[in-house]
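With the hints as constraints, model all of the structure from the sequences given.
2 protein chains.
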Amino acid sequence: MTAQAPISGEIERSGGTWRFAANQPLRLDSGATLAPLEVAYETYGKLNAGKTNAVLVCHALTLDQHVASTHPTTGKPGWWNRAVGPGLPLDPERYFIVCANVVGGCMGTTGPASTDPATGAPYGLGFPVITIGDMVRAQAMLVEALGIETLFAVVGGSMGGMQVLQWAADYPEKLFSAVCIAAAPRHSAQNIAFHEVGRQAIMADPNWCGGAYLAAGLRPDKGLAVARMAAHITYLSESALQRKFGRELQRDGLSWGFDADFQVESYLRHQGASFVDRFDANSYLYITRAMDYFDLAANHGGILTEAFLKARTVRFCILSFSSDWLYPTSESRDVVRALNAAGCRASFAEIVTDKGHDAFLLDEPQLDQTLRGFMNAQAQARGLG
Amino acid sequence: MTAQAPISGEIERSGGTWRFAANQPLRLDSGATLAPLEVAYETYGKLNAGKTNAVLVCHALTLDQHVASTHPTTGKPGWWNRAVGPGLPLDPERYFIVCANVVGGCMGTTGPASTDPATGAPYGLGFPVITIGDMVRAQAMLVEALGIETLFAVVGGSMGGMQVLQWAADYPEKLFSAVCIAAAPRHSAQNIAFHEVGRQAIMADPNWCGGAYLAAGLRPDKGLAVARMAAHITYLSESALQRKFGRELQRDGLSWGFDADFQVESYLRHQGASFVDRFDANSYLYITRAMDYFDLAANHGGILTEAFLKARTVRFCILSFSSDWLYPTSESRDVVRALNAAGCRASFAEIVTDKGHDAFLLDEPQLDQTLRGFMNAQAQARGLG
Numbered sequence: 001m002t003a004q005a006p007i008s009g010e011i012e013r014s015g016g017t018w019r020f021a022a023n024q025p026l027r028l029d030s031g032a033t034l035a036p037l038e039v040a041y042e043t044y045g046k047l048n049a050g051k052t053n054a055v056l057v058c059h060a061l062t063l064d065q066h067v068a069s070t071h072p073t074t075g076k077p078g079w080w081n082r083a084v085g086p087g088l089p090l091d092p093e094r095y096f097i098v099c100a101n102v103v104g105g106c107m108g109t110t111g112p113a114s115t116d117p118a119t120g121a122p123y124g125l126g127f128p129v130i131t132i133g134d135m136v137r138a139q140a141m142l143v144e145a146l147g148i149e150t151l152f153a154v155v156g157g158s159m160g161g162m163q164v165l166q167w168a169a170d171y172p173e174k175l176f177s178a179v180c181i182a183a184a185p186r187h188s189a190q191n192i193a194f195h196e197v198g199r200q201a202i203m204a205d206p207n208w209c210g211g212a213y214l215a216a217g218l219r220p221d222k223g224l225a226v227a228r229m230a231a232h233i234t235y236l237s238e239s240a241l242q243r244k245f246g247r248e249l250q251r252d253g254l255s256w257g258f259d260a261d262f263q264v265e266s267y268l269r270h271q272g273a274s275f276v277d278r279f280d281a282n283s284y285l286y287i288t289r290a291m292d293y294f295d296l297a298a299n300h301g302g303i304l305t306e307a308f309l310k311a312r313t314v315r316f317c318i319l320s321f322s323s324d325w326l327y328p329t330s331e332s333r334d335v336v337r338a339l340n341a342a343g344c345r346a347s348f349a350e351i352v353t354d355k356g357h358d359a360f361l362l363d364e365p366q367l368d369q370t371l372r373g374f375m376n377a378q379a380q381a382r383g384l385g
Numbered sequence: 001m002t003a004q005a006p007i008s009g010e011i012e013r014s015g016g017t018w019r020f021a022a023n024q025p026l027r028l029d030s031g032a033t034l035a036p037l038e039v040a041y042e043t044y045g046k047l048n049a050g051k052t053n054a055v056l057v058c059h060a061l062t063l064d065q066h067v068a069s070t071h072p073t074t075g076k077p078g079w080w081n082r083a084v085g086p087g088l089p090l091d092p093e094r095y096f097i098v099c100a101n102v103v104g105g106c107m108g109t110t111g112p113a114s115t116d117p118a119t120g121a122p123y124g125l126g127f128p129v130i131t132i133g134d135m136v137r138a139q140a141m142l143v144e145a146l147g148i149e150t151l152f153a154v155v156g157g158s159m160g161g162m163q164v165l166q167w168a169a170d171y172p173e174k175l176f177s178a179v180c181i182a183a184a185p186r187h188s189a190q191n192i193a194f195h196e197v198g199r200q201a202i203m204a205d206p207n208w209c210g211g212a213y214l215a216a217g218l219r220p221d222k223g224l225a226v227a228r229m230a231a232h233i234t235y236l237s238e239s240a241l242q243r244k245f246g247r248e249l250q251r252d253g254l255s256w257g258f259d260a261d262f263q264v265e266s267y268l269r270h271q272g273a274s275f276v277d278r279f280d281a282n283s284y285l286y287i288t289r290a291m292d293y294f295d296l297a298a299n300h301g302g303i304l305t306e307a308f309l310k311a312r313t314v315r316f317c318i319l320s321f322s323s324d325w326l327y328p329t330s331e332s333r334d335v336v337r338a339l340n341a342a343g344c345r346a347s348f349a350e351i352v353t354d355k356g357h358d359a360f361l362l363d364e365p366q367l368d369q370t371l372r373g374f375m376n377a378q379a380q381a382r383g384l385g
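Heads up: the protein sequence lines correspond to chains H and E, in order. So for the first sequence, the working numbering puts the first residue at 1; every next one is plus one. So for the second sequence, the working numbering puts the first residue at 1; every next one is plus one.
Hints in this document: simulated from the structure, not taken from any laboratory. Owing to the predicted nature of the structure, the values given are computational and were not obtained by experimental measurement. What you were told as hints is all true, and nothing was included just to trick you.
Which residues of chain H face chain E? A few of them, derived with a C-beta cut under 7 Å, are:
#1 Val129
#2 Gln200
#3 Ala204
#4 Lys222
#5 Val226
#6 Met229
#7 Ala230
#8 Ile233
#9 Gly246
#10 Phe262
#11 Val264
#12 Leu268
The following label-pair restraints were derived from C-beta to C-beta distances:
#13 E:Asp259 / H:Leu309: 31 to 39 Å
#14 H:Glu173 / E:Asp259: 35 to 43 Å
#15 E:Gln250 / H:Ala212: 22 to 30 Å
#16 E:His270 / H:Pro365: 44 to 52 Å
#17 E:Arg243 / H:Pro86: 47 to 55 Å
#18 H:Arg269 / E:Leu125: 15 to 23 Å
Ideal Cβ positions, reconstructed from N, Cα and C, are used throughout, including at glycine.
Pasting the structure below:
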């Protein structure tokens, strides 16, 4: 079966989430194929008769399809309850909102913890290395299977924003608008360095077992927790950490030992400990690798503008946060410059905040307002009520 | 024996370095005492007849007394060969230069790998938690034992700079001048957070054995390497990493696996792997803890100015680097403001460079020039030839 064949597949509600089992393999940028391909996703609202109101939300590294619904493991509310919901910028009364777990993930979409049909055991390191392009190709298969020809919008922050840019490069004809928040067109040396620390922390854990920990009944929780702690620092600005924690102590006085004396230590340890309950260590390896490999210009002769030449009809909104040092505003400006040079329509705003990269998930009224304004204007242009 | 008794001790050349065995215990800020206390140090040049030309160089977290002499383990040249040597700003022809391994270190000064006299085994976690103040108190004992009443200068970068500030607060009457490079008067929440990641990486390594790895004949090398990798990123600026490595690959093309594809990954892995050959994991825990506990104002009613009120005769030089995000210029400015408010003489320069925190160890001509200018002016004021 070739990729040209119409994409369809079994769609069912299972295990608290929607599952799409594709009728064909996923072609990967590495040259390999992945089969079977299952994509776990959530939807909110209804697809209208003209199928013009579909919004695809792309999630970040450690998030999932539960954008506005309770997480089945943690019981926590959806990760973007601030943006997706009645009366919010992405309103299910108006839009049919889809969010799919990425390929390589661990919340139902095929990933390294899935069963390798060749062995009957979990893939582990037998899972093929994937890219942001592969994630988007799987989403495009789901979108086609859902009968959606054009997405009203594709929206995402951080790695979600990278997927948005990839959508614009690979499927511009399927997009009406695109919102890229706190992302970058390539992973910088510092970005790669932080990810490599996390991967080394996981692989240093003897319970990782060369990636075969599931078969061994073990979990590299300590390594994964250290990886999360290191990454988490990069999600916050120095000033946010200082404001939130400063040098505040957990108890009266110092412990004169290696307990968590400072609140920031206790906070980080908690971030690490709670992360391992909801995430798979190998998924962390594969998804960080996909982000490191991301370099949108590289596949277009090294010229970012070339990636967007076919996206002139797409209405772009590029947003950055002033205190984001992981994907600083300069990276978003590079995207905007390339969009402008390609003749695309691009709105750009740098939102002034001290909350750092994670601002896209936090109480940031200026983000809500900007997102709402852009979505409403596009809805009007698209004739959505 | 009380601390008021004259400090002396056995001084001998042993194992390629000088050793001072104190005749009394080291009183610690925790309330504990450390005995016996040995301090390993190096000297360059000769103490003049008036004993007015002694310069104490204070080292950073993972450095040691081999400021301008070959490291006995790695065979590498001294870590500050750029600044200490004939014709250089700290010239042994003019000055008697002393550099001592800090308490808690692993290059000969008493630390967690030393033998605990109570057990006959290495201290491990039985070693008392130490502070920057304790490091300085041990140095002051050595300086007294060497018969030096007043140091012509105390000089240091990073944690060495913290020791310089502590010297000015605790022993202002023993200082003629003080040079503090790329440091801060307190550890910020982000500084603590990065250190905590490193500590957790070490303690997550099963070979750490609750700190008793030496007795078990093991080494938590993997954890220590991860700690070093995470820390190393903070020593370089984002732009230095980008300039040095960008997205350059190790080989032609991607590996589509988890080998070090990018040069920055390979570089970081090398930093981790070579570090474990020369450093002790428990020393890393204790010294990072000392840095996290550092808050010079806290012991002076929360007012940094109070720390310097007795240092009005000391001539200060405070230097920062524009791209240092670990101890940014704003921290040095806080020191300068406090010095000014205390009525101290303070020169300040922010050196514009993209090399980040590690600039104090690198080819940075403006640093050499500034240091030389300050040292020469002080030498003239002190009547040194």
